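Chemist: Protein chains in written order, with our numbering: chain A, 382 to 696; chain B, 14 to 165.
Derived by calculation from the structure, the hints in this document are not laboratory data.
The model shown is predicted, which means the values in this text are computed figures rather than measured ones.
Where a beta carbon is used, it is the ideal one built from N, C-alpha and C, also for glycine.
Treat the hints with care, since some could be wrong.
To be verified - Over 12 Å on every C-beta distance to chain B, these chain A residues come out as not near it, computed from the model:
(1) Ala476
(2) Glu484
(3) Pro513
(4) Arg525
(5) Pro555
(6) Ala557
(7) Ser560
(8) Asn598
(9) Ala605
(10) Met693
Stated by the list, open to error - Across the chosen pairs, the derived CB separations fall in these ranges:
(11) Asn152/B to Asn554/A: 53 to 59 Å
(12) Asp89/B to Asn433/A: 32 to 38 Å
(13) Ala92/B to Gly570/A: 24 to 30 Å
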Amino acid sequence: MYRLRLAVFGAVALAILGVSGAVASDSGEQGRVQSMPPLHGARPNGATVTANLTYHGGTAGIGVETAPVVYVVYWGSGWASDPSGEASYLNNFLAGLGAGSGETWSTSTTQFCQGIPSGSSNCAGGTMITQPASIFSASANVWRDTSSAPSRPRQRDLAAEAVRAAAHFGNTNPAANASVQYVIATARGRSASGFGTQYCAWHSSVNSAYGNLAYTNLPYMTDAGASCGQNFVNAGSAGLLDGVSIVEGHEYAETVTDQYPSSGWLDSGGAENADKCAWISSGQGASANITLNGKAYAVQSLWSNATSNCVMSYP
Amino acid sequence: MPQRARRLTTPALAVPLALLLISCGGGPRSGHPPCSSPPPGVGPGADATLQVEDAGPDYCLKVGDQLTVFLRAPLDASAAAWQPISASDATVLEPGTSGVLALPRGVTGAAYRAARPGTVQLTSVRAPCAAPDAACNPNDVWRAGIVVRNPP
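Can you make the complete structure from the sequences, with help from the hints?
Modeler: As structure tokens, this is what we get:
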């Protein structure tokens, strides 16, 4: 009796395993091969990427920042320690962007627009991005939020902080946030998972009672060292903070041209204007210093539809 | 052998067999190929993320899931970067447009959305390997399988 029961059980088990194996071996699909263009910064340095950006229709009519304004939140008490001096460097970099300093790096964003059909790259009849005299004030656009910040913030934590920032700065209706981006700067050693190995920063948006809010997750860049740009342009101590301006410059330009991802300007592979030009170390579009208010800041080039390549200056 | 000992033997055999079936993922009644849970997602909206060390197994996704892939090469000049990642069936795993992550230097990335049930192979190579064939050093080829299922 026992042997019979064992034999039946074993036969059933083997039959089940056999069916499972057959399903596995029969299910491999041999469809067409799709080559996925790399995400930001993944292409080999200097490679030519010629596909221009097209407009993706916007979200509730908004696809770009027509008059960009940046707010920065230094989130958490961890900012009491800033051994690399990232906060002051970031403030000075952002304060230098805009027509007031005479810089022509961020002007490349002014060739893009909203209010045109999805799929188009022709801005005739659209509302163009402008370059304000200044996009940021270190005295008015900074919130040092010393409340408790998570040691490993998740996306929803960062989004919630962006909503609190909107309230803090009094931007409590959709119109006030239509051309605004909130940079959530996390303190040393308190970045979201994956920083330095899978990303250097990212931008996103969150729907809130104050409207759609664009925000950037900006970790403490020198924690990642060379992986996120340290000494990418400048050698020695002069290049310690290269990654701060390269990566924040990347996110700034992308948020201006794709305020609520991914409904602004992207190419056919989903790359934004800075993705297409990330980490180029030589030749056309190589990262370099720009001068803002008398100080040098390393930045990467940005994609120009007008010339179909990566440019450090426009026009 | 006493009857008592025999009765204990049957469940003792059944347990490992059951565990074997469970370890095969979807199990026989589901009619799906075996697969395992992928690592958690990194980046906005990502449900799952694969890296170099996740090569090999088949991972399960549900229709609608977002997958990101990050293949990192050393930063030294002699190290070749991973080439753009290929998916064997773009109707099962559609290229994503996440386009919001600033990747670190030396990282090749991709984003996908699980569009319909099926099985897909993700592949990338790095120099000197030009295509994933038998001549490649295994260290220069990256593969991972994805099994997309309908949500339960």
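Chemist: Could you tell me which of the hints above the structure violates, numbers in ascending order?
Modeler: 8 and 9
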